[in-house]
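Chemist: Residue-level listing of the chains:
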Amino acid sequence: GAVVSQHPSWVICKSGTSVKIECRSLDFQATTMFWYRQFPKQSLMLMATSNEGSKATYEQGVEKDKFLINHASLTLSTLTVTSAHPEDSSFYICSARAPGQGFGYYNSPLHFGNGTRLTVT
Amino acid sequence: AQSVTQLDSQVPVFEEAPVELRCNYSSSVSVYLFWYVQYPNQGLQLLLKYLSGSTLVKGINGFEAEFNKSQTSFHLRKPSVHISDTAEYFCAVSSGGSNYKLTFGKGTLLTVNP
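Protein chains in written order, with our numbering: chain A, 1 to 121; chain B, 1 to 114.
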């Protein structure tokens, strides 16, 4: 089955530093990956859509200069939280479409990484 | 615009009892519906999906859901739950197409007690 690997699973950093989170599709190519943020006991909020070889598309209210997304290859997207502050502490989850399941590319369900717990002190 | 409402934030049940987790959606176009499960500190795992065809969809771990277009619902059911089913369950909707965006409900915490 389609596997999405996310690294690290947890990270603690000091306020003002930057943190990079990696999202890899292990057994398929993903031209599009999605980054979500989840607050405690709440749903997932889409932050941005990462497109291989082009700029990411950010959702309204998400600071693109703070949350830098790079999708340099068909199997890797990275999210960098720049100048992190305690309010950036959250659970970040990436996902990717896994085509080839008989429903066409755009109808393919998303497969999720295991998430990254970011704590900014 | 599309939205998802999960009517129950928490559902406690006893082991081997049946369970139904409710989900209603709104969308101005044809929709694709999904249920995902999230275990603590993990990502989401797809339980089942409805794209077209039969309105009764069977998924993994004995779960099933029924798409009801007239009631705009996609309730998740399991006839007999196990302790290991304790998790957060998310209903999600997408209108598909190239502008693929998955909108999630707020989740329902299913707690199975012995």
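Be a bit skeptical, because a hint or two may be false.
Capping the alpha-carbon separation at 30 Å, the derived lysine-lysine pairs in DSS-like fashion look like this [as the list claims (entries may be wrong)]:
1. A/K55 to A/K14
2. A/K20 to B/K69
3. B/K69 to B/K106
4. A/K66 to B/K69
5. B/K101 to A/K20
6. A/K41 to B/K106
7. A/K64 to B/K106
Just so you know, these hints were derived from the structure itself, not from any lab.
Chemist: Determine which of the earlier numbered hints do not hold for this structure and return their numbers in increasing order.
Modeler: Hints 2 and 4 not satisfied by this model.
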